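K.L.:
Okay, here's what each chain looks like letter by letter:
Number of protein chains: 2
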Amino acid sequence: MSRSPSSRREDIRAAALELFARSGYEATTMADIGAAVGMRGPSLYKHFASKQELLAEIMTGTMTDLVALHRGAVATTTDPAERLRRAAEAHVRYHARHRLEAFVGNREIRSLVQPHRERVLALRAEYEAGFRDLVKAGITAGRFHVASPRLASYAILDLGMGVSAWFRDDGESTEDGVVWQYGEFALRIAGADGIAGY
Amino acid sequence: MSRSPSSRREDIRAAALELFARSGYEATTMADIGAAVGMRGPSLYKHFASKQELLAEIMTGTMTDLVALHRGAVATTTDPAERLRRAAEAHVRYHARHRLEAFVGNREIRSLVQPHRERVLALRAEYEAGFRDLVKAGITAGRFHVASPRLASYAILDLGMGVSAWFRDDGESTEDGVVWQYGEFALRIAGADGIAGY
DNA sequence: GTCTTTGGCTAATGGTCATTAGCCAAGGAG
DNA sequence: CTCCTTGGCTAATGACCATTAGCCAAAGAC
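Keeping their order, the protein sequence lines are chains A and B.
The first sequence begins at 1 in my numbering and counts up by one.
The second sequence begins at 1 in my numbering and counts up by one.
Honestly, the hints are just simulated from the structure, not real lab data.
Possibly wrong hints are sitting among the right ones.
Note: identical chains are not told apart, hence a pair may lie in one copy or across any two.
No more than 20 Å apart at the CA atoms, straight line, and that leaves these computed lysine to aspartate or glutamate pairs for EDC-like [stated by the list, open to error]: (1) Lys51 to Glu118; (2) Lys51 to Glu26; (3) Lys136 to Glu172; (4) Lys46 to Glu57; (5) Lys51 to Asp11; (6) Lys136 to Asp79; (7) Lys136 to Glu126.
Since this is a predicted model, take the numbers as computed values, not measurements.
Using the sequences and the hints, build the whole thing.
P.N.:
Here you go:
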């Protein structure tokens, strides 16, 4: 039974994502992607304009989702510590749950060409500014204690990115366990009141 | 004036490193590397056996240096917090000071072929185990308070890796400032006694 | 039943790339 | 001075790759 065009396109996108994560964009060929969905490489061009369009769609989608999740996470509270915890948890949960998207989103920016690249970089800058603003607001409120809000926000962001590289929901770590623990780490990094390990 | 063979080889290695960091191993050509050192691509083969050898040398060297620096950092004290701080500081300083090596070392493992790849992965596993052991030792001594030593050690490692991606010694952050702050973050993540932001 | 559209095929296009082969100028050794 | 080695050159080898062109079977529309 043939697949609908939009589900076929989604299959191709999923196959490309898996191969880009495993081998890298440059080392993945259209023939590889085609083989993964049961067609020849040149047939992909009936569904996608180019190999670059595949990468652009994956990376833009990832960054758009992260920004939206961040906004949603911090929207319903004004407490600085709660906002940071929720933002960090959303960040880590996304990296655990969509680890291939997060991994490719982090790793393949060098292969993304204009204008997609600057669009993704702009979204990334917005996202990073969101974390920095959260840390600064906490310091201003007297709730966080850290010498450098800039370094703290970078550190918190990097924690999530690391998760996409190693996390497997294999029992040793559950998604919820990692999300909770990393939310805690974010508050520790920020030096939030009442967070000190016990 | 011609350069000595070993300094020529070092120039090629440095050029390759810079290009691998900027564009990625796969997207960098031998012609690119040759142009950077003032010769044609095929001439590189008088100094290196292959493009892969260049990558392997960079990545193995980086991992070997990190393991050695770690050993040195923890060798002269037995206090758990001091050991973790020193290990984290060595880790971050390396990533700040050798950010291209660290960046390529983190990002290009997918392009490294056997047997180099398993050698680098083994060194990486040893290095990661070193951090995990430090965190566990601190918990055993009652000095650290963290639910998951495994997650804490991953988090600490990821902090340094992030540094290689964004750090510039540009005044806004100095190497010493970042090293100190990140050493502090490592202790906070581990929930070290006496570290709570103020 | 006929015409149109869709989507997968193969062959081809235009180009790229790692690496080897062989040449030769320059420098060093004896 | 002669011979050998080194290191950079160009041309070539063998293979690969993104993408396009054109064909055609199958399915859908009327």
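K.L.:
Indicate, hint by hint, whether the structure satisfies it.
P.N.:
These are the hints, each one checked on the structure:
Within a single copy, Lys51 and Glu118 get their C-alpha atoms as close as 18 Å, which meets the 20 Å cut-off; across copies the closest is 30 Å, which misses it. For a Cα distance limit of 20 Å, the shortest separation of Lys51 from Glu26 qualifies both inside one copy, at 10 Å, and across copies, at 16 Å. In the homo-oligomer, the alpha carbons of Lys136 and Glu172 lie at most 20 Å apart only across protomers (16 Å), although the nearest pairing inside one protomer, at 35 Å, exceeds that limit. Only within a single protomer do Lys46 and Glu57 lie at most 20 Å apart by alpha-carbon distance; the minimum there is 16 Å, versus 42 Å between protomers.
For the homomeric pair Lys51 and Asp11, the shortest alpha-carbon distance inside one copy (15 Å) is at most 20 Å, but the shortest distance between copies (34 Å) is not. Only within a single protomer do Lys136 and Asp79 lie at most 20 Å apart by alpha-carbon distance; the minimum there is 13 Å, versus 33 Å between protomers. Taking the closest pair of Cα atoms, Lys136 and Glu126 come within 20 Å of each other only inside a single copy of the chain (15 Å); across copies the shortest separation is 37 Å, beyond that limit.
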